[in-house]
Amino acid sequence: MGCAESAAILLLRGRAAASERLEALIRRHVPDVGVTSDPERALEQCLREPPPVLAVDWSDPAGAAALCGRVRAQPGGEAVIVLALTERDADIDGILAAGASDVLLVGVEGDGAGARARLRVARARAAREAAARHALAQTQARLVLAGRMASVGTLAAGVAHEINNPLAFVITNVDAAIRRIASLDRRSSASRSGPWGRAHGEGRAPSSELSEVLNLLEDAREGAERVRLIVRDLHTFSRAEDDRRGPVDVRRVLDSCVHMAMNEIRHRARVVRSFDEVPPVEANEPRLAQVFLNLIVNAAQAIPEGLAEQNEIELSTRRDAAGQVVVAVRDTGTGIASEALGRIFDPFYTSKEEGEGLGLGLAICHSIVTALGGQIEVESRPGEGSTFRVVLPAAGTGEARAPAAPGDDAPRWSREGGRLAAAELQAAPRQRILIIDDEPLLTRAIAGTLEPRHETTATASARDALARIRAGERYDAILCDLMMPDMTGMDFYASLAELAPEQQRRVVFLTGGAFTERSKAFLQQVDARLLMKPFDAATLLSLVDEVVASR
3 MGCAESAAIL LLRGRAAASE RLEALIRRHV PDVGVTSDPE RALEQCLREP
53 PPVLAVDWSD PAGAAALCGR VRAQPGGEAV IVLALTERDA DIDGILAAGA
103 SDVLLVGVEG DGAGARARLR VARARAAREA AARHALAQTQ ARLVLAGRMA
153 SVGTLAAGVA HEINNPLAFV ITNVDAAIRR IASLDRRSSA SRSGPWGRAH
203 GEGRAPSSEL SEVLNLLEDA REGAERVRLI VRDLHTFSRA EDDRRGPVDV
253 RRVLDSCVHM AMNEIRHRAR VVRSFDEVPP VEANEPRLAQ VFLNLIVNAA
303 QAIPEGLAEQ NEIELSTRRD AAGQVVVAVR DTGTGIASEA LGRIFDPFYT
353 SKEEGEGLGL GLAICHSIVT ALGGQIEVES RPGEGSTFRV VLPAAGTGEA
403 RAPAAPGDDA PRWSREGGRL AAAELQAAPR QRILIIDDEP LLTRAIAGTL
453 EPRHETTATA SARDALARIR AGERYDAILC DLMMPDMTGM DFYASLAELA
503 PEQQRRVVFL TGGAFTERSK AFLQQVDARL LMKPFDAATL LSLVDEVVAS
553 R
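Here the sequence shown is numbered in our numbering, starting from 3 and rising by one per residue.
Incorrect hints may appear among the rest.
[Unchecked claim] The calculated lysine to aspartate or glutamate pairs, modelled on DMTMM-like cross-linking and capped at a C-alpha distance of 25 Å, are: (1) K522 / D493; (2) K522 / D440; (3) K522 / E441; (4) K522 / D251; (5) K522 / E284; (6) K522 / E164; (7) K522 / E500; (8) K522 / D488.
[What the hints assert, rightly or not] FRET-style restraints, in silico, Cβ to Cβ: (9) E80 / L231: 48 to 54 Å; (10) D221 / D278: 31 to 37 Å; (11) R472 / V215: 43 to 49 Å; (12) R320 / R472: 58 to 64 Å; (13) E504 / P168: 31 to 37 Å; (14) R472 / R321: 55 to 61 Å; (15) G325 / D529: 33 to 39 Å; (16) V528 / R476: 16 to 22 Å; (17) L443 / A496: 24 to 30 Å; (18) V274 / R476: 54 to 60 Å; (19) R246 / A75: 45 to 51 Å; (20) H261 / E311: 18 to 24 Å; (21) V215 / R553: 37 to 43 Å; (22) A75 / E341: 36 to 42 Å.
Hints were generated in silico from the structure; no laboratory data involved.
Fair warning: this is a prediction, and the values are worked out from it, not measured in the lab.
All C-beta atoms, glycine included, are put in the ideal place defined by N, C-alpha and C.
Put together the whole structure using the sequences plus the hints.
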């Protein structure tokens with residue numbers, strides 16, 4: 003590294019007359035030199051903003067060695083290159099033992115090429131070590147962020163799982179209540195329309211009150227559906243460590259990300275969707291969600307709070323001339339300065355306030371999109387907002403939608419739930435259904451939904467269910483929780499293979515998501531039906547009918 007470069011050397015002068023010669027020597031070869039005679043100030047500067055090289059006059063060996071020890075003892079002190087300046091070669095062993103990085107023998111290497119070369123070597127070493135420290139800091143920050151993301155993913159998965167059970171029985175019970183009150187409302191309306199009802203009816207009609215209750219329940223059902231979508235989005239985000247790729251609908255991922263970012267968006271801007279029909283992209287859905295969520299949150303944070311009606315975040319999808327899928331996130335925020343545009347994808351570059359970000363978000367987005375074979379671009383003008391475009395290759399045109407990963411919201415037999423008409427509740431002969439789940443409120447809700455049409459047996463233990471089957475009981479459908487504390491649904495399923503293979507084909511797994519490596523692998527390997535929690539009554543009854551009919 004040549005001496006014409008701007009890396010500084012901090013010289014700590016001693017009291018001897020030789021210090022002036024040392025300073026003159028260094029200034030002759032290094033243009034950018036800081037000088038102090040105060041060891042405390044030198045120590046403070048080293049710790050506050052370490053210079054590439056600290057040159058120490060070793061004419062006072064005890065004082066210089068003490069300072070070197072103090073530098074090394076401080077956090078980050080090992081990174082400082084300490085260059086000892088001495089006229090006595092007999093001091094070299096003691097100097098290096100005291101912690102100096104290198105020695106310049108002034109009397110030997112003099113004023114010429116030797117001194118210049120030694121100073122160049124010291125500065126080059128300092129530059130290399132500074133670059134290595136910076137790279138290490140980047141790696142450490144990435145690891146910290148990866149750890150945080152993993153923790154957030156684990157937390158999101160845990161929250162989703164814990165919410166799914168109570169949400170499942172809330173949705174199932176509300177659906178059951180809606181059906182029953184709707185039936186009562188119809189009967190009440192019919193009775194009041196008859197001759198006796200017309201002759202004796204007084205005051206407010208009971209059917210009107212039932213209709214009000216029905217409306218309240220429908221509002222509660224809508225609220226539960228919103229919670230279900232939030233849980234689904236959390237679950238999608240929690241699988242970011244999964245590297246599997248398949249065809250992904252970018253519009254669905256964008257909608258999920260909007261739900262997750264709505265707390266940042268609602269007070270700042272309106273969301274405008276301009277979705278053209280586009281094919282799926284070949285991607286990892288959780289990773290793609292991470293990219294879109296980051297871009298949407300950044301767009302929201304670029305807009306001041308309080309003017310939501312005057313600002314917008316536009317999400318758009320289209321195909322370009324090459325057939326690639328283009329996803330754009332446009333905001334009407336503050337924009338990005340032109341000098342910053344070339345750096346925004348650099349690690350650790352951030353325009354946010356201290357403590358508000360590591361500057362890794364866009365760098366990671368760039369890395370993810372590039373790994374998917376795509377590009378990420380930005381256009382921005384200060385005061386006019388920014389537009390980020392993610393360009394991704396379309397999935398193969400002949401490919402079907404990949405099977406849902408374990409825990410996806412769409413089960414393998416994917417079917418939309420819906421309201422049950424009264425005629426659907428009268429049906430075929432009653433069948434025997436076994437319900438295995440360690441959540442008693444959920445088993446009660448499932449039984450309450452099925453019992454108008456089927457005979458149900460509920461147990462909280464897979465071992466008890468196995469004992470019943472071993473004793474000769476047989477069922478037309480078996481609804482079994484995947485994860486239970488005593489015996490898992492996976493172990494129950496394996497035991498059925500030997501005990502009653504025909505009953506194994508009756509099993510439907512109930513799960514809020516597969517979160518262990520074993521459960522993920524199990525659901526990939528077995529050919530069993532899967533019902534994701536929370537589910538509604540229509541979906542539950544439809545799947546049970548499907549299992550019963552498959553005999």
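Do the hints match the structure? See the list:
A distance of roughly 14 Å separates the Cα atoms of K522 and D493; the hinted pair therefore holds under the 25 Å criterion. As the CA atoms of K522 and D440 are separated by approximately 20 Å, the hinted pair is consistent with the 25 Å bound. Taken as a hint, the K522 and E441 pair is honoured in the structure, with Cα atoms around 22 Å apart against an allowance of 25 Å. A threshold of 25 Å between alpha carbons decides the hint, and for K522 with D251 the separation of about 22 Å falls inside it, so the pair holds.
The suggested pairing of K522 with E284 holds, with an alpha-carbon distance near 21 Å, which does not exceed 25 Å. For the proposed pair K522 and E164, the alpha carbon gap of about 18 Å is at most 25 Å, so the pair holds. For the hint pairing K522 with E500, the CA-to-CA distance comes to about 23 Å; that is within 25 Å, so the pair holds. Our distance criterion of 25 Å between C-alpha atoms is met by K522 and D488, whose separation comes to about 19 Å.
At roughly 52 Å, the beta-carbon separation of E80 and L231 lies within the given 48 to 54 Å, and the hint holds. For D221 and D278, the Cβ-Cβ distance of about 34 Å falls inside the hinted range of 31 to 37 Å, so the restraint holds. For the pair R472 and V215, the beta carbons lie near 46 Å from each other, so the given range of 43 to 49 Å is met. Take R320 and R472: their Cβ atoms lie about 60 Å apart, and the range 58 to 64 Å holds.
In this structure the hint that E504 and P168 lie 31 to 37 Å apart at CB holds, the actual value being about 34 Å. Distance hint check for R472 and R321: the Cβ-Cβ separation is about 58 Å, which falls inside the suggested range of 55 to 61 Å. At about 36 Å, the beta-carbon gap between G325 and D529 stays in the expected band of 33 to 39 Å. A beta carbon spacing of about 21 Å between V528 and R476 agrees with the range 16 to 22 Å that was offered as a hint.
Taken as a hint, the range 24 to 30 Å holds for the pair L443 and A496, whose Cβ atoms sit roughly 28 Å apart. Between V274 and R476 the Cβ separation comes to about 56 Å, which falls inside the hinted range of 54 to 60 Å. In this structure the hint that R246 and A75 lie 45 to 51 Å apart at CB holds, the actual value being about 50 Å. For the pair H261 and E311, the beta carbons lie near 21 Å from each other, so the given range of 18 to 24 Å is met.
Roughly 40 Å separates the CB atoms of V215 and R553, a value that falls within the hinted 37 to 43 Å. Roughly 41 Å separates the CB atoms of A75 and E341, a value that falls within the hinted 36 to 42 Å.
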